[in-house]
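Visitor: Sequence:
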Amino acid sequence: MLASLLILVFTGTRALAWPLDFISIPLYPLHSPFGAADSLDLAVHRTHALNRLAHFTELSVPPRRQPTYTRSRRHRRAFLSGISQQENDTDDSDASDALSPAEDLTLDHGPHRQSDSEVTKAHRVQYENSSGLDIEGKDIGYLVEIPIGSEGKVFRLLVDSGSSDMWVGGEGCKSDAGGDCGDHQFLGRSCSSSFRQTQTPWSIRYGTGSVSGILARDDVVFPGNVRLRNHTFGVAQIESTEFTKNNIPLDGILGCGQQSLSVQQTPTFLNALYNAGLISRRIISYHISRIADGNNDGEITLGGMDPAKYDAKTLARLPNANNGGFWEATLDRIHVNGKDLGLRGRSCILDTGTVGCVASLTDMEADHPKTLFVAPESDVAAIHAMIPGAVLSNSSHWNIPCNTKAVVSLEFGQRMFPIQARDLVFGPTEDGSMCTSTIVKGGVARPSGTTRWLIGDVWLKNVWFSSDEDENMILIARGRE
Numbered sequence: 001m002l003a004s005l006l007i008l009v010f011t012g013t014r015a016l017a018w019p020l021d022f023i024s025i026p027l028y029p030l031h032s033p034f035g036a037a038d039s040l041d042l043a044v045h046r047t048h049a050l051n052r053l054a055h056f057t058e059l060s061v062p063p064r065r066q067p068t069y070t071r072s073r074r075h076r077r078a079f080l081s082g083i084s085q086q087e088n089d090t091d092d093s094d095a096s097d098a099l100s101p102a103e104d105l106t107l108d109h110g111p112h113r114q115s116d117s118e119v120t121k122a123h124r125v126q127y128e129n130s131s132g133l134d135i136e137g138k139d140i141g142y143l144v145e146i147p148i149g150s151e152g153k154v155f156r157l158l159v160d161s162g163s164s165d166m167w168v169g170g171e172g173c174k175s176d177a178g179g180d181c182g183d184h185q186f187l188g189r190s191c192s193s194s195f196r197q198t199q200t201p202w203s204i205r206y207g208t209g210s211v212s213g214i215l216a217r218d219d220v221v222f223p224g225n226v227r228l229r230n231h232t233f234g235v236a237q238i239e240s241t242e243f244t245k246n247n248i249p250l251d252g253i254l255g256c257g258q259q260s261l262s263v264q265q266t267p268t269f270l271n272a273l274y275n276a277g278l279i280s281r282r283i284i285s286y287h288i289s290r291i292a293d294g295n296n297d298g299e300i301t302l303g304g305m306d307p308a309k310y311d312a313k314t315l316a317r318l319p320n321a322n323n324g325g326f327w328e329a330t331l332d333r334i335h336v337n338g339k340d341l342g343l344r345g346r347s348c349i350l351d352t353g354t355v356g357c358v359a360s361l362t363d364m365e366a367d368h369p370k371t372l373f374v375a376p377e378s379d380v381a382a383i384h385a386m387i388p389g390a391v392l393s394n395s396s397h398w399n400i401p402c403n404t405k406a407v408v409s410l411e412f413g414q415r416m417f418p419i420q421a422r423d424l425v426f427g428p429t430e431d432g433s434m435c436t437s438t439i440v441k442g443g444v445a446r447p448s449g450t451t452r453w454l455i456g457d458v459w460l461k462n463v464w465f466s467s468d469e470d471e472n473m474i475l476i477a478r479g480r481e
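Residue numbering for the sequence shown follows my numbering, starting at 1 and increasing by one per position.
Worth flagging that the hints you see were computed from the coordinates, not collected in a lab.
The following label-pair restraints were derived from C-beta to C-beta distances:
| no. | residue 1 | residue 2 | range |
| --- | --- | --- | --- |
| 1 | Ser260 | Lys174 | 28 to 38 Å |
| 2 | Pro201 | Gly479 | 41 to 51 Å |
| 3 | Asp180 | Asp293 | 32 to 42 Å |
In silico lysine-lysine, PhoX-like type, Cα no more than 25 Å apart, as pairs:
| no. | residue 1 | residue 2 |
| --- | --- | --- |
| 4 | Lys121 | Lys309 |
| 5 | Lys313 | Lys339 |
| 6 | Lys339 | Lys405 |
We put the beta carbon where it would ideally sit given N, CA and C, even for glycine.
Modelling step: build the complete structure from the supplied sequences, incorporating the hints.
Guide: Structure (structure tokens):
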């Protein structure tokens, strides 16, 4: 059981002097079809978020009173249709280097895929050693393009701060439901002469979905033209159907949690870059974009935080309150329309793989949105009681006016971080009179006194979020105006 800690936090107000040897990678957002958000989508998202919260707290998921929905079953009507669509190891060397401009790889995206039209590409990032994060669907997830192997084959990897392992699909990959692993990119000897397969098996189960395979070594090029030679990571041989559908655009996952969370028990990509001397600090920073802005300016930075992108006066430095490898911050207060709700003893797991805000609940009833803010039933009720026009639709979610002007703010390190009102809206109800709230009840019972919330991209879109594994600290700041 993970210990829950109440920690006094220290805040800083000066811009951090990050080293120059860091890498910034564009993040590409994933989104569901415009206007397709409905109660089924919400149920799917809730399931995903609740499962992740249960996983994060090392508790099994209690039986549900309602069926569990996944991305690949009843969800497909609205959600999936909108998703921005061997040999034994003989070389144990582990060398890395930076490519010169002349050696820069031409990215091989392969033939057109069904999911290509469902991915919104990030704009080119101008900052040194930078690139962007693509958006999947309507802010469903965020993808980074990573060239792997001797031919620089490009894989779209979902950026996930709630796991620590990197994996891609392998040649010959099979679905656990039968058949192949769909219209995705796969890695193996036929496409990479530098590919080396080991005999070490691995498997991982997420809140929704599972993967198993073997470990392999190959060259990986991170944006900034930095090549990590003979990096060890997972190659999937069997994937659950959550990953194999043709219109799901991701080819694997880039785990950004701490080393202690790795199930592969090999250096994470961040630690491998650090050990090779390619970055001087084990830091990952995120800027999550939203499709509605049209800015497409999502970004992930390795080794530092771009000082030109955040407001140093708003910077909060927070000790990580989680000893299990996740990133969790102690919440000072929550305000709605400027009023302190008086909620204390809360901590928040920050998860780029969850698109909402979820709070804990002793009695888990239904499913939860993936991008949500999840919290206990009483906390969710207290928040909505302060939002004009909010009504409890049923036992599982709240509805709010689609044009709400409510300001929900989380306070960390004596700094206020508001959620834009539009991020509180998931989508219209069936009759179109109201919209579903992205703040939902859910979670698991905890014996300790601290209530744990799961905070996803609903809030993370509104901040710059940085995790520092060297200091075991979380840094949060508002973006520059």
